[in-house]
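Asks: Chains U and D are the protein sequences, given in the same order. Quick note, the first sequence lines up with residues 0 to 261 if you use numbering that gives the first Met the number 0. Quick note, the second sequence lines up with residues 0 to 261 if you use numbering that gives the first Met the number 0.
Hint data in this document are derived by calculation from the structure and do not stem from the laboratory.
For lysine-lysine, the following DSSO-like pairs were computed, each having C-alpha atoms within a straight-line distance of at most 30 Å:
1. D:257 to U:257
2. D:15 to U:15
3. D:47 to U:15
Some chain U residues judged to face chain D by a derived CB distance under 7 Å, without partners named:
4. 12
5. 15
6. 16
7. 17
8. 106
9. 108
10. 130
11. 174
12. 177
13. 179
14. 198
15. 211
16. 212
17. 227
18. 251
19. 253
The beta-carbon is built from N, C-alpha and C at its ideal position, and this holds for glycine as well.
Below are the chains, spelled out letter by letter.
Protein chains: 2
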Amino acid sequence: MMPTESAPHRREIPDKLVIHALAGLPEISAGAPLAELLCEAVARSGMKFEAGDVLVVAQKVVSKAEGCLVELRSVEPTPFARSVAQTLKKDPQHVEVILRESKRIVRMDAGLIVVETRHGFVCANAGVDTSNVPAGWVSLLPRDPDASARRLQEEITRRSGAAIAVIVSDTFGRPWREGLTNVAIGVAGFEPAIDYRGQADGHGNLLAATVIAAADELAAAAELVMGKVSRRPAAIIRHFLWEPAPGKATDLIRTREKDLFR
Amino acid sequence: MMPTESAPHRREIPDKLVIHALAGLPEISAGAPLAELLCEAVARSGMKFEAGDVLVVAQKVVSKAEGCLVELRSVEPTPFARSVAQTLKKDPQHVEVILRESKRIVRMDAGLIVVETRHGFVCANAGVDTSNVPAGWVSLLPRDPDASARRLQEEITRRSGAAIAVIVSDTFGRPWREGLTNVAIGVAGFEPAIDYRGQADGHGNLLAATVIAAADELAAAAELVMGKVSRRPAAIIRHFLWEPAPGKATDLIRTREKDLFR
Numbered sequence: 000m001m002p003t004e005s006a007p008h009r010r011e012i013p014d015k016l017v018i019h020a021l022a023g024l025p026e027i028s029a030g031a032p033l034a035e036l037l038c039e040a041v042a043r044s045g046m047k048f049e050a051g052d053v054l055v056v057a058q059k060v061v062s063k064a065e066g067c068l069v070e071l072r073s074v075e076p077t078p079f080a081r082s083v084a085q086t087l088k089k090d091p092q093h094v095e096v097i098l099r100e101s102k103r104i105v106r107m108d109a110g111l112i113v114v115e116t117r118h119g120f121v122c123a124n125a126g127v128d129t130s131n132v133p134a135g136w137v138s139l140l141p142r143d144p145d146a147s148a149r150r151l152q153e154e155i156t157r158r159s160g161a162a163i164a165v166i167v168s169d170t171f172g173r174p175w176r177e178g179l180t181n182v183a184i185g186v187a188g189f190e191p192a193i194d195y196r197g198q199a200d201g202h203g204n205l206l207a208a209t210v211i212a213a214a215d216e217l218a219a220a221a222e223l224v225m226g227k228v229s230r231r232p233a234a235i236i237r238h239f240l241w242e243p244a245p246g247k248a249t250d251l252i253r254t255r256e257k258d259l260f261r
Numbered sequence: 000m001m002p003t004e005s006a007p008h009r010r011e012i013p014d015k016l017v018i019h020a021l022a023g024l025p026e027i028s029a030g031a032p033l034a035e036l037l038c039e040a041v042a043r044s045g046m047k048f049e050a051g052d053v054l055v056v057a058q059k060v061v062s063k064a065e066g067c068l069v070e071l072r073s074v075e076p077t078p079f080a081r082s083v084a085q086t087l088k089k090d091p092q093h094v095e096v097i098l099r100e101s102k103r104i105v106r107m108d109a110g111l112i113v114v115e116t117r118h119g120f121v122c123a124n125a126g127v128d129t130s131n132v133p134a135g136w137v138s139l140l141p142r143d144p145d146a147s148a149r150r151l152q153e154e155i156t157r158r159s160g161a162a163i164a165v166i167v168s169d170t171f172g173r174p175w176r177e178g179l180t181n182v183a184i185g186v187a188g189f190e191p192a193i194d195y196r197g198q199a200d201g202h203g204n205l206l207a208a209t210v211i212a213a214a215d216e217l218a219a220a221a222e223l224v225m226g227k228v229s230r231r232p233a234a235i236i237r238h239f240l241w242e243p244a245p246g247k248a249t250d251l252i253r254t255r256e257k258d259l260f261r
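Start from the sequences and build out the full structure, keeping to the hints where you can.
Replies: Okay, structure coming up:
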């Protein structure tokens with residue numbers, strides 16, 4: 000995924016980051032002009048987009064704007080979905096939607112279903128979830144979160160005149176550690192990883208293996224001001240020093256061949 | 000790990016976070032008074048610790064101050080370590096140190112050794128690494144990173160008069176996603192997880208499963224200003240609204256019974 004042969008490029012690391020929560024978005028419905036609404040929310044909060052800002056937007060509002068919601072009673076579960084639902088003690092319609100969003104099941108145990116989504120993300124329930132959506136509905140991940148991020152980036156940059164980067168974030172679990180963290184499922188404008196390989200540390204040792212998933216760290220940082228029940232579906236991270244590049248969040252997906260835990 | 004029966008407690012989420020890199024620490028040797036040196040570095044940078052600050056300190060300087068460095072030529076590898084080293088194409092002395100720090104091997108493949116450390120963390124190489132240490136030496140994780148965090152918290156709070164929280168962070172890989180992120184391996188002063196279970200989202204749905212690993216998100220956020228080659232082994236996160244509590248980073252370790260990926 001990342002360059003290995005080129006001369007190491009020393010990334011500038013900021014002395015300081017500032018992360019602002021963005022509140023005041025209306026409830027988002029299918030077809031809502033999300034970029035415009037985000038610009039309006041920024042203006043109402045007394046801020047302006049500045050060149051270099053990283054805008055982090057929660058997957059949920061992106062999915063809503065893109066119409067990626069499914070009403071469960073419209074879903075006819077297959078016999079397999081019914082059987083899985085019984086094993087996992089879940090709703091059969093909900094399981095049917097999860098299976099439709101999945102390319103492959105990674106683990107199914109202890110009431111959990113961890114899958115590889117159509118995009119290639121490995122996560123619980125294929126990212127299908129019921130929080131912050133109307134009762135009886137579930138939200139899906141955007142069809143192409145990198146494209147969603149790119150559209151937001153282009154339109155907000157056009158409207159605001161400020162060259163920004165965009166991350167679409169979602170809340171994923173992980174093996175070995177309790178608790179969820181936000182990660183980047185869509186990226187536009189910069190490389191999601193910082194590659195330190197070939198650079199020298201303070202002792203002159205060349206770093207052999209260090210590639211930092213900066214986009215995931217930015218998504219995690221933004222979560223701290225967005226929260227889960229505060230109706231703050233976005234955050235602006237200021238002073239992170241990214242360079243314009245055509246990065247994608249799918250670059251952060253480890254290929255199946257290199258993954259010891261699929 | 001987290002309360003389930005108590006009435007849901009609505010956590011206050013900050014509108015804004017500010018993260019300051021802390022540079023200017025001298026090279027740390029065994030026995031160095033790390034709390035004092037951190038206070039001096041803060042003063043030299045023109046800042047002061049404020050009540051509510053979260054100080055994030057890189058594992059490497061904590062390990063150095065605690066003398067958790069091993070000179071490889073002093074290590075006699077066992078036949079098993081030699082055999083593993085040959086399979087993984089690693090240095091036998093280095094592998095021997097990894098095995099001594101390990102309770103259990105989780106995966107050994109593709110040149111990687113993922114273990115459960117003596118503390119219970121699941122990570123590559125038992126956290127034994129060669130970056131930012133003298134050539135021919137490796138650093139180990141602190142013996143009890145929660146205790147390390149607690150000692151720093153107590154002494155810095157005493158010296159500065161500001162009630163701070165402390166995280167000791169390290170850089171871990173994870174399955175399924177490329178790139179490393181910083182996580183909390185030591186915590187003092189607050190609960191490392193934010194439990195949203197039982198709280199209502201914007202649609203009145205009760206959140207069923209959402210526990211956020213806030214300490215890991217704070218560690219990740221701090222990494223963005225610390226970098227890997229900038230000699231910035233600490234960061235101060237300002238405005239995160241924690242409540243004093245006896246949390247530990249080991250609370251974030253998923254037990255083997257609940258983990259589908261060991």
